[in-house]
Amino acid sequence: MSKKFVTDFTVVENKKLNSTNFLIKIKSDLILPEIKPGQFVNVEIKDASEIFLRRPFSIFEVDYKANTLSMIIKILGRGSKKLTQIEAGDSISLVYPLGKSFTYPKKNDRILLIGGGSGVAPMLFLAKESGLPIENVDILLGARTSEDHVDVHEYSNYANLHYASEDGSIGEKGFVTQHSVFTTNLKAYNKIYACGPDGMMRAIAKEAKTAEVFCEVSLENLMACGFGVCLCCIEPTNQGNQCVCTDGPVFNINELKW
Amino acid sequence: MVNLKVKLHNLEFKNPVTLASGTCGFAREIAEFYDPGLLGGHFLKGTTLKNRDGNAYPRMAETPSGMLNAVGLQNKGIDYFIDNIYPEIKDYDTQLIINVNGSTVEDYIALTEKVNELDNIQAIELNISCPNVKEGGMAFGVTCPGAEMVTREVRKVYNKTMIVKLSPNVTDITEIAKAVEGQGADSVSLVNTFLAMAIDAESRTPKLSTITGGLSGPAIKPIALRMVWQVANAVKIPVVGIGGIMNAADAIEFMLAGASVIQVGTAIFTDPMIPLKIVEGIEDYMKRHNMQSVNEIIGGLQL
Ligand SMILES: Cc1cc2nc3c(=O)[nH]c(=O)nc-3n(C[C@H](O)[C@H](O)[C@H](O)COP(=O)(O)OP(=O)(O)OC[C@H]3O[C@@H](n4cnc5c(N)ncnc54)[C@H](O)[C@@H]3O)c2cc1C
Ligand SMILES: Cc1cc2nc3c(=O)[nH]c(=O)nc-3n(C[C@H](O)[C@H](O)[C@H](O)COP(=O)(O)O)c2cc1C
Ligand code: FES
Chain A
1 MSKKFVTDFT VVENKKLNST NFLIKIKSDL ILPEIKPGQF VNVEIKDASE
51 IFLRRPFSIF EVDYKANTLS MIIKILGRGS KKLTQIEAGD SISLVYPLGK
101 SFTYPKKNDR ILLIGGGSGV APMLFLAKES GLPIENVDIL LGARTSEDHV
151 DVHEYSNYAN LHYASEDGSI GEKGFVTQHS VFTTNLKAYN KIYACGPDGM
201 MRAIAKEAKT AEVFCEVSLE NLMACGFGVC LCCIEPTNQG NQCVCTDGPV
251 FNINELKW
Chain S
1 MVNLKVKLHN LEFKNPVTLA SGTCGFAREI AEFYDPGLLG GHFLKGTTLK
51 NRDGNAYPRM AETPSGMLNA VGLQNKGIDY FIDNIYPEIK DYDTQLIINV
101 NGSTVEDYIA LTEKVNELDN IQAIELNISC PNVKEGGMAF GVTCPGAEMV
151 TREVRKVYNK TMIVKLSPNV TDITEIAKAV EGQGADSVSL VNTFLAMAID
201 AESRTPKLST ITGGLSGPAI KPIALRMVWQ VANAVKIPVV GIGGIMNAAD
251 AIEFMLAGAS VIQVGTAIFT DPMIPLKIVE GIEDYMKRHN MQSVNEIIGG
301 LQL
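Protein sequence lines, in the order shown, are assigned to chains A and S. 1 is the number of the first residue of the first sequence in full-length UniProt numbering; add one for each residue after it. 1 is the number of the first residue of the second sequence in full-length UniProt numbering; add one for each residue after it.
It should be emphasised that the hints constitute simulated quantities derived from the structure, not laboratory data. All residues carry an ideal CB built from backbone N, CA and C; glycine is no exception. Just so you know, not all the hints are guaranteed correct.
Said to hold, decoys possible - DSS-like cross-link-like pairs, simulated, lysine-lysine; straight-line CA separation at most 27 Å:
(1) K277(S) - K3(A)
(2) K257(A) - K76(S)
(3) K5(S) - K46(A)
(4) K27(A) - K90(S)
(5) K3(A) - K160(S)
(6) K46(A) - K90(S)
(7) K3(A) - K90(S)
Unchecked claim - Computed beta-carbon distance windows for the label pairs:
(8) P33(A) - L303(S): 42 to 52 Å
(9) T104(S) - K27(A): 38 to 48 Å
(10) N51(S) - K209(A): 21 to 31 Å
(11) D91(S) - N254(A): 44 to 54 Å
(12) T104(S) - R110(A): 51 to 61 Å
(13) E87(A) - A56(S): 34 to 44 Å
(14) D119(S) - K46(A): 19 to 29 Å
(15) T104(S) - E147(A): 55 to 65 Å
(16) K27(A) - L38(S): 25 to 35 Å
(17) R110(A) - P87(S): 38 to 48 Å
(18) V6(A) - L303(S): 14 to 24 Å
(19) D119(S) - A211(A): 49 to 59 Å
(20) D119(S) - V6(A): 27 to 37 Å
(21) T183(A) - E202(S): 28 to 38 Å
Use the sequences and the hints to build the structure in full.
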């Protein structure tokens with residue numbers, strides 16, 4: 001049994017990262033429970049007449065000393081748009097920590113972390129937590145244009161950063177699966193982790209399967225409860241339909257029916 | 001101290017706040033937030049005789065003040081429950097009630113006979129109202145003869161408290177309520193979800209894999225409240241009120257309309273702490289109105 005909480009946080013900052021993404025940092029008066037990369041929170045959207053349910057977001061950073069955590073949010077629909085308006089000092093309710101984390105790499109593993117869009121959040125969190133030396137960690141970030149890329153240069157302290165953009169405005173031109181880091185020698189990695197659009201993760205999974213490299217992906221199925229009671233978020237797996245919110249969101253690709 | 005205890009037939013609840021089937025898992029998911037023993041009872045996830053995978057994804061769609069679901073009774077079957085879940089939850093200090101589902105009368109009977117053997121489960125909720133399963137469930141619940149037949153046959157094999165869960169997708173819900181009362185139901189619970197639909201205009205496709213699904217949440221509350229009031233006035237057996245209850249005021253309204261016990265469903269998705277706030281709110285209300293027993297609220301609507 002993993003303890004879960006419903007907690008009111010206070011917004012510390014709400015920062016625009018680029019045209020499509022923003023970062024919300026929030027602080028709790030209570031001591032934070034242990035939170036691992038891949039886990040997520042379910043956020044209440046206040047004062048929005050058409051919104052009834054919470055919205056799930058991956059945890060990007062945790063600072064146990066300052067009691068803060070942050071999320072990178074992509075502007076998609078009504079809920080995410082509403083969240084762009086919250087300001088420092090506002091209160092925000094979270095149900096957390098939810099879901100299971102990525103399998104941590106072993107000492108000496110070489111790992112490749114691939115993030116698309118706001119999928120960068122759990123990848124950067126994992127890079128930081130992996131405990132591996134920089135030379136063992138490659139992060140490959142994909143987006144449409146340089147405008148859509150989240151600036152994460154401080155992560156060069158934890159990993160080698162590589163970029164792909166569809167228009168070639170930053171890094172190599174094309175999808176992440178066309179990037180030289182991905183196409184050169186996938187077998188050189190002990191583990192591949194991915195989070196991003198469904199199509200991207202499926203393409204990565206296909207290549208990882210062929211190369212027979214361990215690969216975990218983080219799914220973003222539609223959710224109602226986020227804690228395993230509604231059975232709405234299911235994904236077909238070798239064990240039958242599993243809940244993305246409690247059995248996932250992280251799945252080994254060999255478990256999925258992809 | 002106010003007295004929150006209520007009785008439903010032989011079944012005693014420490015307070016009238018319970019959780020609805022399909023929205024509280026098997027109570028152990030609630031235990032990750034707080035002690036399930038703080039609530040009167042838990043109506044466990046709909047269980048069938050055999051394993052069911054349920055319907056395809058997507059199974060939910062958010063709608064104004066509510067949501068649609070088309071889960072389709074995904075569960076691992078009663079034997080799995082007995083072997084793997086029951087031992088873990090049986091000592092929770094709360095009423096655990098199994099929500100029993102079948103596509104044939106034989107299924108309902110076989111399932112109920114197994115449930116009858118479980119010492120720490122003193123009641124069943126006979127679900128004849130699931131709108132998301134083709135083979136049955138609701139097929140029984142929408143006609144008087146169908147509802148009567150299942151109730152009668154299950155009654156023969158089950159001697160603890162039998163609550164029959166009614167569908168709102170009928171012309172006159174009081175007729176069904178009276179029909180199951182006539183066949184020995186100890187209580188009726190209402191309502192299950194309303195058959196409904198959502199469309200994505202941009203893609204011109206239905207939002208659910210099953211095209212239609214069940215509507216729940218505050219959107220259905222006024223209709224559910226009306227039905228509870230009508231049924232409470234039509235039958236002598238106690239009524240369990242369900243439908244869009246989000247706070248203590250909603251719960252009290254259902255009790256004033258005649259519900260002895262209420263179920264909180266979809267609300268818990270928006271905030272798992274709501275049921276505890278409702279218990280507190282009912283206590284508050286009783287103090288403000290100088291009531292000693294929660295029974296003073298039940299059916300207390302002034303006309
Ligand atoms: C475990 C998990 C982790 C997530 N982490 C992040 C994160 O770190 N950052 C981030 O920006 N987003 C993340 N998401 C996705 C995020 O939850 C959705 O983008 C958000 O709920 C959209 O809400 P909205 O109100 O803005 O859009 P809505 O108005 O609800 O929807 C707009 C449109 O997008 C579609 N849509 C909404 N959510 C999804 C979805 N999950 N899958 C497919 N289609 C969808 C809707 O059907 C609709 O057509 C995560 C999702 C999950 C399940
Ligand atoms: C996701 C979901 C799953 C449900 N599963 C069941 C079920 O297995 N058996 C059942 O009798 N009712 C089921 N219901 C119906 C609820 O128990 C309840 O009757 C209904 O949702 C109305 O109450 P509410 O508006 O408070 O949610 C389900 C409802 C939802 C939203
Ligand atoms: S979102 Fe409810 S079970 Fe996963």
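Now the hints, each set against the structure:
1. K277(S) - K3(A): Answer holds: K277(S) to K3(A) is near 20 Å, not above 27 Å.
2. K257(A) - K76(S): holds (20 Å)
3. K5(S) - K46(A): Given that 27 Å is the threshold and the Cα spacing comes to 35 Å, the pair is violated.
4. K27(A) - K90(S): violated (38 Å)
5. K3(A) - K160(S): This hinted pair is violated, its Cα atoms lying about 34 Å apart.
6. K46(A) - K90(S): Outside the cut-off at roughly 37 Å; violated.
7. K3(A) - K90(S): holds (20 Å)
8. P33(A) - L303(S): 42 to 52 Å: holds (51 Å)
9. T104(S) - K27(A): 38 to 48 Å: Given a distance of about 56 Å, which is not inside 38 to 48 Å, the answer is violated.
10. N51(S) - K209(A): 21 to 31 Å: Given a distance of about 28 Å, which is inside 21 to 31 Å, the answer is holds.
11. D91(S) - N254(A): 44 to 54 Å: violated (38 Å)
12. T104(S) - R110(A): 51 to 61 Å: holds (57 Å)
13. E87(A) - A56(S): 34 to 44 Å: With Cβ atoms ~41 Å apart, the hint holds.
14. D119(S) - K46(A): 19 to 29 Å: violated (45 Å)
15. T104(S) - E147(A): 55 to 65 Å: The hinted range 55 to 65 Å holds for T104(S) and E147(A), with Cβ atoms some 60 Å apart.
16. K27(A) - L38(S): 25 to 35 Å: Roughly 29 Å apart at Cβ, these two residues keep to the hinted range, so it holds.
17. R110(A) - P87(S): 38 to 48 Å: For P87(S) against R110(A), whose Cβ atoms are near 44 Å apart, the range 38 to 48 Å holds.
18. V6(A) - L303(S): 14 to 24 Å: violated (39 Å)
19. D119(S) - A211(A): 49 to 59 Å: holds (54 Å)
20. D119(S) - V6(A): 27 to 37 Å: Given a distance of about 33 Å, which is inside 27 to 37 Å, the answer is holds.
21. T183(A) - E202(S): 28 to 38 Å: This hint holds: roughly 35 Å between Cβ atoms.
Checked against the numbered hints above, the structure violates hints 3, 4, 5, 6, 9, 11, 14 and 18; every other hint is satisfied.
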